[in-house]
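Going down the list, the protein sequences come from chains A and B. Just remember that the numbering used here sits 1115 ahead of the position in the first sequence, which is counted from 1. Just remember that the numbering used here sits 1115 ahead of the position in the second sequence, which is counted from 1.
Derived by calculation from the structure, the hints in this document are not laboratory data. Do not rely on the hints blindly, as some may be mistaken.
Unchecked claim - Pulled from the structure, derived: some chain A residues nowhere near chain B, Cβ distances all over 12 Å:
hint: 1; residue: E1310
hint: 2; residue: Y1324
hint: 3; residue: F1448
Said to hold, decoys possible - Derived pair list, reagent style EDC-like, types lysine to aspartate or glutamate, alpha-carbon separation capped at 20 Å:
hint: 4; chain 1: A; residue 1: K1170; chain 2: A; residue 2: D1287
hint: 5; chain 1: A; residue 1: K1423; chain 2: B; residue 2: D1429
hint: 6; chain 1: A; residue 1: K1170; chain 2: A; residue 2: D1155
hint: 7; chain 1: A; residue 1: K1423; chain 2: B; residue 2: D1155
hint: 8; chain 1: B; residue 1: K1423; chain 2: A; residue 2: D1429
hint: 9; chain 1: B; residue 1: K1423; chain 2: A; residue 2: D1404
hint: 10; chain 1: A; residue 1: K1423; chain 2: B; residue 2: E1392
hint: 11; chain 1: B; residue 1: K1423; chain 2: A; residue 2: E1392
hint: 12; chain 1: B; residue 1: K1532; chain 2: B; residue 2: E1166
hint: 13; chain 1: A; residue 1: K1532; chain 2: A; residue 2: E1181
From a predicted model like this one, the values you see are computed outputs, not experimental measurements. Quick reminder that beta carbons are idealized off the backbone N, C-alpha and C, glycines included.
2 protein chains.
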Amino acid sequence: MPTDPASALPQAAARFADATRAAMPVARELFETIGAATGDGVGMAREPYSENEQKASDLLEAKARELCLELSTDAFGNLYMTLPGADRSAPGWITGSHIDSVPSGGNFDGLAGVVAGLTAVAALRAAGIVPATDITVMGVRAEEASAWYAGAHGGHIGSRSALGILPPAELDSAINTRSGRPLRAHMADAGFSPERVALGHGTLDLSRYRGWLELHIEQGPVLERLGLPVGVVTAIRGSARARSCRCTGAYTHSGAVPHEYRSDAVLATVELVHLIEQEATRVRASGGDLTCTVGKLFTDAELHSITKVPGQVDFCLEYRSQERSVLDHMADFARGQATRIAAERRVAFELGSFSPQDPATMDPGFRAALNQGAAALGIPAMDIPSGAGHDAQDFVHAGLPAAMIFVRNANGSHNAKEAMDYADFERGTRLLAWMMAQ
Amino acid sequence: MPTDPASALPQAAARFADATRAAMPVARELFETIGAATGDGVGMAREPYSENEQKASDLLEAKARELCLELSTDAFGNLYMTLPGADRSAPGWITGSHIDSVPSGGNFDGLAGVVAGLTAVAALRAAGIVPATDITVMGVRAEEASAWYAGAHGGHIGSRSALGILPPAELDSAINTRSGRPLRAHMADAGFSPERVALGHGTLDLSRYRGWLELHIEQGPVLERLGLPVGVVTAIRGSARARSCRCTGAYTHSGAVPHEYRSDAVLATVELVHLIEQEATRVRASGGDLTCTVGKLFTDAELHSITKVPGQVDFCLEYRSQERSVLDHMADFARGQATRIAAERRVAFELGSFSPQDPATMDPGFRAALNQGAAALGIPAMDIPSGAGHDAQDFVHAGLPAAMIFVRNANGSHNAKEAMDYADFERGTRLLAWMMAQ
């Protein structure tokens, strides 16, 4: 484990480095036992409210018991493991991430945050450091529900249930793609209480917490490309998604019909997408945060032909940004250009709604503290946005300040090839322990 | 039939108008009897070498017999119906078009050219006009073979067989999509001689002809939009077709991966198509003849997602032009831009071959004569390119000068809604008769 030599660091920093390194066997054991117990042959398969998710939760709980933490679960299966702080009446930290995974997923997406919480707590306890306030490690259920449930729902079931911000209708509109049964049935089968969702106030009393801290592997390549082990998340990007856009033109003979009489759906859509990309580039060049993706774009396989002017194109459009104003601007831009192009090119565009989801800005004070901590601990770090969604956004939307630590990871996430180095995990966990000790 | 009043025209023109109008019952009867005998419930179904194609040929032959024309057929089923001219030893005109249709096609695409030839001949005979040279009306087989036969072949079987320019391999590589059997078997079943194709010299002695004249409905909307009954074809556009282009990028997370690390196959393809369209517009603005069509363009339905950067796009690209140099320029342009974009955007393009097909330029002398004739006969006409292929191109490629007359037609072709007005047909036929009388 070739990390920063403790001897080169100031004494306080060295103490945290020694402590987390000493606690790393806790992490290794958890990753290994949970990974071995919850695979599907290709990767991990910790389906929400499944036996595998329960096995993972049980192994975490057993380790917490070994560490003499205070244990509880809530009506939705979320697991809470608390290390008492010096002032038990003061609001404490709540840290963690989700236990579940996508099908054939990696072992680290989600689980790393729960294991980091337990490892940090183990490190503090072993080093005899009593944190200023309580530290609760939360193992969240069903964050990856979107990978297992079709129908209308927003994923992140465990955290939104606990926070009282899950619309009850989602329990019935989220349909398991394998069983065909609603989320409500699976949650009840697993022994939990979907009917509690209807009460609307959740199970977490936010006044008892200072903030949510979440360690997670980076799901993109930025830290790896830049050679940095740790990122301090600036915000979780919000999104604006037009899921079912259509351009309707007219099928005609590709040789016999001059361009001025055509209604070419491909050329019209190509102009729109090209202009959107140029505008997105302009927004980024002037300092805006934005990704812009047309993940699907297709002519009609039944009707298209090399010798026909294409009469229809279906496509989707996704923007992500840390700034709601950027999302709104880009949605307006697409609508405006579509209207102009439709008139000029004799086609019709239906873009539908952009279903905006607000960004979740990380707490500036927490971010500053994490950057100071990284510097003090000798851990190279950078600010980084989160393009993917996380439980942290639900805490922010529910009103609790939050921060996230990203750990370098190769090969992306949501696949069995996730590759997080334990040395990087130790660095991220050390920063988390340092933050929660304050 | 509200055509140009004969009284307003010079005497010679009036004579042609009276003669073709008087012969129009021949046209009406042929369209009606052949249409009634060869439908498929939706439209026409005169499949090459089928019973329906034979029925149509038989009805044409019967009418030619009534008109006392000299009759013959060749080894490939093509029908020849000759009106003797004043100088029987001089090379004569050969006129006509194809008898067959696409499935559920219209009654006029092809047939109108054969009927126009017979009507023109009937008009000359009835008016007592003896043409300078022989006029042979040809009913061509199997021009629409591409609509009925898959596999490697170039369509236009009847004309290319007769001209000796059909590669024998096509008889076996063209496979009937309904029977699964090769063209050779269907041609033989119909009583004709596929083995004659291998001789390579065809059945037509081109030294016996002055040129090929073909009347055909316009398959685009130009004459209709511009309010003109007749067009004089400048050239049959050649084509350059890249049938199976692919852009390969890399699938990644649409939120977590910054644009500078993406290999986005949609945005790369969009840039390429947009630049090709701009270049095509520039070529047309500077006087070049060009259509440019991307009839198919699609991400992979198995792998694409609104939250994934798209890793693959398949598309096709078709250029058509009266000028081979324009086709070559546009193919080069696409290759050059694809290479540049691939490097800049971290993707790979495979465009494949553009399989160029040469344009067929109509004879300048014939075109000038037709324009003079239209003016003399009081028929509003314009020069027009042919975007679709016709038997005329095969005569040109075999070395015989050719010309084409387009007749105004609504609703395009290759569908049951073709809509040619008999008054327009009479005008086109009058021009044809005038030309062949010279």
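Regarding the pair B/K1423 and A/D1404, is the alpha-carbon distance no greater than 20 Å?
Holds, because 18 Å separates the two Cα atoms, which is no more than 20 Å.
For A/K1170 and A/D1287, compute the direct alpha-carbon distance and say whether it is at most 20 Å.
The hint is violated at about 25 Å.
Reported absence of A/F1448 from the contact zone with chain B (all CB gaps over 12 Å):
holds, 16 Å
Could you check that no beta carbon of chain B comes within 12 Å of the beta carbon of A/Y1324?
A/Y1324 is indeed farther than 12 Å from all Cβ atoms of chain B, at 27 Å.
For B/K1423 and A/E1392, compute the direct alpha-carbon distance and say whether it is at most 20 Å.
The hint holds at about 16 Å.
A/E1310 and chain B, when compared Cβ to Cβ, separated by more than 12 Å
Correct as stated: the minimum Cβ-Cβ distance to chain B is 32 Å, above 12 Å.
Does A/E1181 sit within 20 Å of A/K1532, going by the straight-line distance between their CA atoms?
violated, 31 Å
For the pair supplied as a hint, A/K1170 and A/D1155, is the alpha-carbon distance within the 20 Å limit?
Holds, at roughly 14 Å.
Straight-line Cα separation of A/K1423 and B/E1392 no greater than 20 Å?
holds, 16 Å
Assess, step by step, whether the Cα of A/K1423 is no farther than 20 Å from the Cα of B/D1155, and give holds or violated.
violated, 23 Å
When you check the alpha-carbon spacing of B/K1423 and A/D1429, does it fall within 20 Å?
Holds - the C-alpha atoms of A/D1429 and B/K1423 are around 16 Å apart, at most 20 Å.
20 Å Cα cutoff - pair B/K1532, B/E1166:
This hinted pair is violated, its Cα atoms lying about 23 Å apart.
The structure is inconsistent with the numbered hints 4, 7, 12, 13, although it conforms to all the rest.
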